[in-house]
Amino acid sequence: MTVLLQKLSECIEFGKVNKAAPYPPDRRGMDGADEITQQLISEGVDPQRILTEGLMPGMERTGIKFRENKIFVPQVLMSAKAMNTAMVHLKPFFLSGAARQKGTFIIGTVEGDLHDIGKNLVSMMVEGNGWKVVDLGVDIKAEKFIAALREHPGAVVGLSALLTTTMMNMERITKAIKAELPATVVVVGGAPVTASFCGQIGADGYARDPQGLVEFLNNLL
Amino acid sequence: MEILKHIGSNRVLISDGAWGTFLQKKGLQPGECPELWNITHRKDVRDIAESYIMAGADMIETNSFGGSRFKLEKFGLADRVAELNRAAAEISREAAGSGKWVLGSVGPTGQLLLMDEVTREELYDAFREQAVALEAGGADAIMVETMTDLEEAVIAVKAARDYTRIPVFCTMTFDRLVTGDYRTMMGISPQEMVGPLLDAGASVIGANCGNGIEGMVAIVREIRTVHREVPVLVHANAGMPVYRDGETVFPESPEDMAIHLNALVEAGANIIGGCCGTTPGHIACLRKTLNRE
Numbered sequence: 001m002t003v004l005l006q007k008l009s010e011c012i013e014f015g016k017v018n019k020a021a022p023y024p025p026d027r028r029g030m031d032g033a034d035e036i037t038q039q040l041i042s043e044g045v046d047p048q049r050i051l052t053e054g055l056m057p058g059m060e061r062t063g064i065k066f067r068e069n070k071i072f073v074p075q076v077l078m079s080a081k082a083m084n085t086a087m088v089h090l091k092p093f094f095l096s097g098a099a100r101q102k103g104t105f106i107i108g109t110v111e112g113d114l115h116d117i118g119k120n121l122v123s124m125m126v127e128g129n130g131w132k133v134v135d136l137g138v139d140i141k142a143e144k145f146i147a148a149l150r151e152h153p154g155a156v157v158g159l160s161a162l163l164t165t166t167m168m169n170m171e172r173i174t175k176a177i178k179a180e181l182p183a184t185v186v187v188v189g190g191a192p193v194t195a196s197f198c199g200q201i202g203a204d205g206y207a208r209d210p211q212g213l214v215e216f217l218n219n220l221l
Numbered sequence: 001m002e003i004l005k006h007i008g009s010n011r012v013l014i015s016d017g018a019w020g021t022f023l024q025k026k027g028l029q030p031g032e033c034p035e036l037w038n039i040t041h042r043k044d045v046r047d048i049a050e051s052y053i054m055a056g057a058d059m060i061e062t063n064s065f066g067g068s069r070f071k072l073e074k075f076g077l078a079d080r081v082a083e084l085n086r087a088a089a090e091i092s093r094e095a096a097g098s099g100k101w102v103l104g105s106v107g108p109t110g111q112l113l114l115m116d117e118v119t120r121e122e123l124y125d126a127f128r129e130q131a132v133a134l135e136a137g138g139a140d141a142i143m144v145e146t147m148t149d150l151e152e153a154v155i156a157v158k159a160a161r162d163y164t165r166i167p168v169f170c171t172m173t174f175d176r177l178v179t180g181d182y183r184t185m186m187g188i189s190p191q192e193m194v195g196p197l198l199d200a201g202a203s204v205i206g207a208n209c210g211n212g213i214e215g216m217v218a219i220v221r222e223i224r225t226v227h228r229e230v231p232v233l234v235h236a237n238a239g240m241p242v243y244r245d246g247e248t249v250f251p252e253s254p255e256d257m258a259i260h261l262n263a264l265v266e267a268g269a270n271i272i273g274g275c276c277g278t279t280p281g282h283i284a285c286l287r288k289t290l291n292r293e
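Chains as they are written, first to last, in this note's numbering: chain V, 1 to 221; chain F, 1 to 293.
This list has only true hints and no planted wrong ones.
Lysine-lysine pairs mimicking DSS-like chemistry, simulated, CA-CA at most 25 angstroms apart:
| hint | chain 1 | residue 1 | chain 2 | residue 2 |
| --- | --- | --- | --- | --- |
| 1 | V | LYS141 | F | LYS25 |
| 2 | V | LYS141 | F | LYS74 |
| 3 | F | LYS74 | V | LYS144 |
| 4 | V | LYS141 | F | LYS26 |
Calculated directly from the structure, the hints in this document are not laboratory data.
Please work from the sequences and hints to get the whole structure.
Dropping the structure here:
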């Protein structure tokens with residue numbers, strides 16, 4: 001069973017979705033995240049263990065390699081695809097309470113910005129680390145973040161922006177959230193964003209890569 | 001006037017500077033469709049084009065970076081691709097007059113082939129539609145730019161090549177890695193892009209955005225290690241953005257940028273212009289520096 005969990009973590013790390021998937025080429029014809037997760041569940045392995053010992057270590061290795069520029073966006077997307085496939089089988093256990101996620105992370109690309117690749121990468125990485133992710137989409141106004149926070153009290157909020165111009169909206173949104181719900185932790189990220197910008201606009205955290213955000217979130221626990 | 005005949009090893013040409021950040025200065029709001037301005041704010045768009053001609057650019061781009069049906073769709077304008085791109089090219093054509101060239105800008109669609117968000121055929125079709133309209137409006141070349149996925153870039157070049165009679169240029173956007181190497185977001189190196197883009201039919205290749213002019217020197221050198229003759233175009237940012245007193249600033253002044261012009265020419269660049277944060281002032285300074293040397 002430990003061997004199977006190890007295998008699952010490798011499927012996540014290398015982006016092996018299912019047996020039929022041609023990617024990666026050196027795993028052609030082998031079981032993927034889909035089959036292995038189902039097998040683990042049918043063998044009665046605790047879904048919590050599947051998450052923490054299968055998915056999380058795989059996604060973490062992906063996150064670290066991405067940060068070190070050893071892999072790039074395509075490999076991360078394939079990892080995420082494998083993870084999502086596994087998650088489909090685990091969702092019922094999260095819903096029933098048989099398995100628990102670490103907390104809730106609300107994410108959206110800020111008002112005026114329609115770019116979603118960076119936001120999606122972060123969502124996948126955070127979800128793969130055991131958090132429940134509420135993805136609001138792109139072009140999200142402050143009111144929408146606040147409404148989502150009311151629905152998920154205590155959630156951490158992540159703001160994404162690709163453009164130097166839309167990055168400015170992060171300040172307004174952060175201030176609006178803090179005015180309504182002062183205890184909320186707001187984190188910011190995206191190509192033009194820096195740690196000093198984060199400080200200047202009164203946000204609580206900045207990470208230059210998705211794995212950095214995962215580490216920031218885990219430190220909140 | 002056939003642009004390719006004028007690009008060569010004995011002469012460096014100057015291209016234009018930023019459009020996106022310039023449009024914002026003129027009042028384009030976040031969330032507004034920049035290409036719609038070709039109809040609603042024609043004069044403002046033409047001002048930008050003219051200001052680069054006045055600054056001494058040999059060629060100017062068009063306000064059509066997000067003019068593919070996939071980008072316009074986000075503003076509910078997917079059915080106006082032909083109109084908006086044609087207008088973009090017409091505006092720059094008018095501003096350029098004779099003796100200067102117009103590069104019809106084509107940016108990425110934002111759709112990922114890898115995630116099955118789009119098919120190759122859909123991409124090809126969208127790029128064909130945009131390139132044809134830019135040619136109809138008077139573009140002298142198609143400028144496929146800011147590409148990070150080599151496959152999407154190749155499809156864009158092919159579509160423009162197959163359906164227009166004008167040359168196709170293509171630049172990709174590279175980031176500096178922790179190792180000091182350069183790669184696109186999708187992991188493509190400057191070296192790797194050369195063969196596939198030339199095979200697809202690109203006449204000019206290079207890099208835009210993502211770096212200040214200093215980083216571009218290293219990128220051009222890398223391209224030159226695999227190909228000595230292909231004309232190379234660079235559109236460099238005015239440095240990397242910094243946040244100062246409530247606004248984002250691109251830190252390099254025209255003079256800061258011009259200092260590196262010589263190194264970029266020596267590395268092997270044939271056409272040099274600006275991307276985000278550069279202004280007519282930057283282009284005028286590049287022109288002056290080039291004429292002096």
